[in-house]
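J.: Listed below are the residues making up each chain.
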Amino acid sequence: MPKVPGMIKGLGVTARTMAETIKPKKLGGGAHTVQYPHEKESPPIRARGVIALREDNCTACMLCARSCPDWCIFIEAHKDLAPPRRAGGAPRKVNKLDRFDIDYALCMYCGICVEVCPFDALFWSPEYEYSEPKIADLLHDKTKLGEWMETVPEAPALEAGAEKKKGK
Amino acid sequence: MVAPLSDDTLALPGDGLREGVVNALRTALGDALLDVVLKPNDDLWVRVRTDAWRQAGLVLRDTVGCDYFCFLSAIDWMPSPYGKSEEDPTQPKEPIDLTVQQGYAGGDTRLQVFARVTNLAKHFGVTIKADVADAHPSIESWVTVYAGANWHERECHEMFGIGFDGHPDLRNMYLPTDFEGHPLRKDFPLLARMVKPWPGIADVEPLPGDDSEDEG
Amino acid sequence: MTDLADRQKLSYIAAQAADARLNVELETEGMTLNIGPQHPATHGTLRIIVRLDGEQVVWAEPSAGYMHRGYEKLTEVRTFPQVTALINRIDWLGSFANEVPFILAAEKLMDIEAPPRAQHIRTILFELSRIANVSLFLGDLGVQLGAVTPVFFAFRDREYVLNLIESATGGRFHPNFDRIGGLKDDLPAGWIAETKQVMKRLRAFCDEIEDLLFGNEIFQSRLRGIGVIPADVAKQYGLSGANLRASGVDWDLRRDQSLPLAWDKVDWKVWTHPDGDSFARCWIRLQETRESTKIVDQLLDTIPAGPIMAKVPRIIKVPEGEAWVSTENPLGEMGYYVVSKGDLGPFRVKIRSASFNNISIVPWVLRGVYVPDVISILASLYFILGDIDR
Amino acid sequence: MSLLAADLPYWAQSLLRVLGGTVAVLLPAGTIVYLFLFKMMSFMQSRLGPMEAGPYGSLQLFAEVGKWLQKEDIAPENADTRVFRMAPLVVLVSTFLLVAVVPFGPDAYFTDFDAGVFYMLAVSSISTLGILMAGWSSANKYSLLGGLRAAGQLIAYELPMVLSVIGVVIQAGTMNLQSIVIQQNDGEIFGFDGLGNPFLLTQFVGFLVFMISVQAELTQTPFDMPIAESELVSGYMTEYSGFRFLIFFIAEFATAGVFSLIASVLFLGGWGLPFSWFGWESVDGIDNWMNVGGPLILVTKMVVLSGIIMWVRFSFPRMREDQLQRFAWKVLVPISLVNIMITAILKVVF
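Residue numbers (the working numbering), protein chains in the order written: chain A, 1410 to 1577; chain H, 12 to 227; chain U, 70 to 459; chain Z, 176 to 525.
The hints are simulated quantities; they were obtained by calculation from the structure and are not laboratory data.
Beta carbons are placed, not taken as given, at the ideal position from N, Cα and C, and that holds for glycine.
All the pointers check out, no bait thrown in.
Below are the DSS-like pairs computed for lysine-lysine, each with C-alpha atoms no more than 27 Å apart in a straight line:
1) K380/U - K50/H
2) K363/U - K253/U
3) K1553/A - K207/H
4) K1432/A - K265/U
Here chain U is said to cover these stretches of chain A; the calculated rule only asks that three of the stretch's residues, wherever they fall, bring their Cβ under 8 Å from a Cβ of chain U:
5) 1417 to 1429
6) 1443 to 1456
7) 1513 to 1522
8) 1555 to 1568
From just these sequences and the hints, can you work out the full model?
T.: See below:
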């Protein structure tokens, strides 16, 4: 067979792609793009979208703030009395959060804070739609971070051959 | 399977390959070869006298066969006088030990130039170091040995303030021409860490009327 | 080969002649053209100052540093885990590949080795980031030469690779997944099957690009014999990766050094090309993308079971010492010279990035070419700004 | 004589002609931009293109025009302001002048004069002037390089274009575009008149050369060095924005449309269908509905041709300046000269 000139082949590639795109979705064609915001792609479970805070678990131990490479976590707390664990015990002294801010304008989404947290207070949520017109509004306080908790998914099942993981 | 490495790479237990390199360097440079650290089957560090820097490069290129230029840079061995800016301002500052202590293959000066070249045929690399005087840090240029050293020496010049004699064009590469200071020297402060307070300071208000220290 | 060397010589003579013409024959001044820092062809902010006689380059000088972020300084105030989060921004298109040599260097200093499963998955992700990176190059190449369509194909199919990386690591561009002693997490269920599908796609993408671009006669006439770099010059300048192999040097760090990664367990080929011209560099990258999909396919079948983390203390202090580890990254040889003083963080990290060396040859290779060739040569050398400036 | 001329006063005729001319320039431009630049290009790249403005994005063009019109009219400080401002208009004028000779139907034409081909080739080079003006006056090195490249390129490709049309002129024996259309539809090939005699068949080489030259005249890829966005940012258009850029943009696609119209007139039988289908004997026998149907047929042919132009544009990389010149002088010019010789010989023989 004589060699087809490369230019003709090139025209063939674009024509084929056009046919693919025009072909209805049902037949396996269609565009590869998604018409945001009418339809949305759901990010994978592990996607690092936004950090959620479970306030009750936080002990203000400062580990996350110290391990943050960007210094974008700010924590203040006060001592408080909590009801005893067992009935009849003495009330426990706990650290209650006054302030837990993450400045998403600085955050580089490395996930180190979530990883170092020893008390399971920080979680990743794949939520991504929280852009703001004003940069100052990207500072999420503890209420807002707490609201993200609803969007935190279960950790995905693991591929065959993986060891069972302990903890989170 | 991938083609096996050449026979020379599968070095002997004593790593005859790298020992051969050291011997070749010693023969060519004599007592200008100051120190050697050899990790068998892993890596090789040599330190040469400052005035033998260019000659060592020539020997490495022509005799040892390391004709591939990997990188050239410098180290400031003085510990940073500023620490990591991660201390509580309310606590007294711990003094920082500023003794200069060099790494592999030793050294006498605070600043050291080091470079790495590779032998592509026999699959090994050599890290070569040389001291540069603290007062007037300068050393011969490698541009005539390895053409690629040009940019690396320019970078090194602006970042460490080390002069390279015989370099054709020792302009700043990244910084503005009138920039003062040498950013990668340890005594150059990292301002980004100093203008902001460290957020890692524990800020927990005690219960009213409770002065007992932290527990659990 | 001699033919190409002759062409290079001719372009040199042409540059000299143009230089002479500027001052003597016509008493013109020539024109200094700033390509960049804001220019469509410099993907980032690289500035190239060229002096022209007509459209012929008499002299060219890249001016980097518009994006210098001082990573070598920043690493000195960070702990080892924090450095990992930082350095995957060096070559932002192949980010996981940036983490690996640094982690390997730290592991070398600590004298630990990741378990086989972790090594395997590291290699897979490494190759995926290579595919993500180089597929974008293949598309971008078209844009640099005026063909608009390939880049959309590249973005289209790279998206699938990025989705894979995201579903495994959580980050599309900055995985921060590699840890001293292993990996952060195991693969999610179903990932292997999905990856195999995507690899099939990517091979089809390579075929499309080959038909659309590499087979095109205009494309070939634009790149063949342009920007010839002979092997000895390439080695002198420390060119690496596809740029070096395109000059006929058979050198691939994946094969030519022993690292605790899984490349030696599968069957693949190192491609070289004798010409050393722009076309050779692009062609090598195309072949390497195909080769990478093959590597990934084979590795997926042989992932060993077991843990993904070695026994590592919770707070990592790296013992005193110096270590150099480099790997064959998408752009070329990427290495870290890590000096530790037994602290939480490194004492000094010298980052040897591929693009810095690859671009340092630009003044040499651009003399005597025409303005359109400036673009095609730069495109074929393939640099990422973050990788030059660090 | 023209149908319109018979019934209407002069001012109405003129008004109608101006309106018709505007429509004839803007409609093809709009069609090409929406159909090919927005949609075909997107489909070829596995995406959908603009979808928000209007059903299936069909009003996107109006949105774009609205955006451009709102923008400030900026001229660089060092620019030669008067020339800078005039340049886009000069380019657009060439398009309007071109469309004046295109026949749209048996009676639907703006002018009908005997040197149509000659005129068409002459006015098409006015746009070169505009581009050179834009490149020179912008006070920008990229623009200057782009303008000079454009001048060199357009002059180089003018020649093969002229030479390829000469084949048609020899075969038709006239330079009147209307007569060329009628000849093609009225003609026969070796006694078979089912297809008429479109010059595409007899002048295939000429057609190819003409289309390649058109591609170059329009500075579409693979001949888009004057714009060359990866080298020269935007070439001679670098400094333009707002409605002056819009005029360049319209001119680019309107000219693509007009050249496709001319190519279909010269090679594809223009507004006509083979006369034998309807049993028309001569021009006078043509039914009157062809004055409406003719333009539609012509536009259909135009869409096909400009589709090919755009298809090539979206698929190919760009050539280098010296390669382009070499291609024009060493390949296209000799081929079209040979084509003229063969046509002339055959004309004498038959």
